[in-house]
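Spelled out, the chains give:
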Amino acid sequence: MKKIHYLVLSFIIVVGLAGIGLRTNVIKLPIIKKGVLGQLAYNPNDNKELVGIASNIFVGKILRQIGTGKDDLGSLYTQFEVETIDNIKGNLTNTVTVTQMAGYKNGILYTMEEDGDGLVELTDKKNDILLLQPGSTYLMVTRHNENFMQYALLTVLKSRTLISNDKNLDNIKLKDLASVNEAVKKLRIAYTEEILFAPSVSAGNTKNSFISLPTEEQEKLKAEAEKYKKELNIPDYEPTPARQNIIPEVLQQDIDAHPESQLPQAVQ
Amino acid sequence: MIKEKMIAIAPSVSRVDLTVDVVSRSDIPFDGYGAWFDPVEKSISINDYVLHGYTPILWNSVLTHELGHALGLADIGGVNDPENTIYQGSLMYRQANIQNPVQIPGGHDKADYYYKWP
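Protein sequence lines, in the order shown, are assigned to chains A and B. When the first sequence is numbered by the numbering used here, its final residue is 311 and no position is left out of the sequence of numbers. When the second sequence is numbered by the numbering used here, its final residue is 192 and no position is left out of the sequence of numbers.
Please keep in mind that the hints were generated in silico from the structure rather than gathered at the bench. Check the hints yourself; a few may be wrong.
[Stated by the list, open to error] Cut-off 30 Å, straight-line C-alpha distance, at most; resulting in silico cross-link-like pairs (DSS-like, lysine-lysine):
1) A/K71 x B/K116
2) A/K91 x B/K190
3) A/K250 x A/K263
4) B/K184 x A/K76
5) A/K216 x A/K273
6) A/K250 x A/K148
7) A/K148 x B/K184
8) B/K116 x A/K113
9) A/K270 x A/K201
10) A/K76 x B/K116
11) B/K184 x A/K46
12) A/K45 x B/K184
In this text, all values refer to a predicted model and were calculated from it rather than measured experimentally.
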């Protein structure tokens, strides 16, 4: 009889601990869900659009997770303290706060990613890409908002590339690794030909745009980009098919009927 | 948050099934969002930061896409799929096609809908 009591008690303790573990997210289940779906306002396949929509692109080492929360859309987010190693767009120094629109609730990872066909593709990704990991170093594509999310990672998988998960490497070595990384080189090329995000242009919020740089710096970055283009055998820019569309009649009529409205971004 | 309206979808009118609002989020450059984090109450948000000043057709297009999510339809067309442009005529295409806004369900959307709701 005593044995049964012990078994029942043990079962209750195990279930209780598991519940606490899930509740506090100490236990992380291999389950990924989308908390928020969204319709992208840009084409992340085109690096020039990806860079144009970002305010800061940099290589940084994740020092620690500093908080989690839920925003007004109902999306979970996680914030990290990040030490900047190198800049591709912008000029960050020391440490910054990076926000990723993903987080754990009851052991389940909720994300806002908009790559691929749903979660099948996401579940193939390693955890260190789905959620930034302290100790690892990434190339990060972010938008800055001083009053809200600070440096918010764009919600596509291309917004971060793992440079190294070796937490013992010093910053000089990490900078060297980043300098030979193909994704870093591709974004350096794209920066010199970036397509600015029209709503940001309208709002006067094109922080760190290429055209805002001094001419001398522009020329230096262009020369560097040409070198990378040859090295990576990247052809000159060709607009994606979506950008070659002609305005359909129905939209033209709508624009004519509402002259106060602005034209869509890609046909301005 | 700028404004908010409640929509009660039949058959229940005693509780809110879907919340529709307009937000201004410069940090997440989406046209619209559909939040299903809470399984009981769902919400649709349209991003005024991106769509500010755009014509009604473009607003309709985004709102209809998000309503598709409310009906259980997922986005289609993988961002990394080189052939993703074949889905551009679909309401549930993942990336907004503001040059050619879709306002009514296409063949793929209908097929998904009838699969979900036979």
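Against the structure, the hints:
no., hint, verdict
1, A/K71 x B/K116, "holds (25 Å)"
2, A/K91 x B/K190, "violated (37 Å)"
3, A/K250 x A/K263, "holds (20 Å)"
4, B/K184 x A/K76, "holds (24 Å)"
5, A/K216 x A/K273, "holds (25 Å)"
6, A/K250 x A/K148, "violated (34 Å)"
7, A/K148 x B/K184, "violated (33 Å)"
8, B/K116 x A/K113, "holds (15 Å)"
9, A/K270 x A/K201, "holds (23 Å)"
10, A/K76 x B/K116, "holds (15 Å)"
11, B/K184 x A/K46, "violated (60 Å)"
12, A/K45 x B/K184, "violated (62 Å)"
In the structure shown, a violation is registered for the earlier hints numbered 2, 6, 7, 11 and 12, in ascending order.
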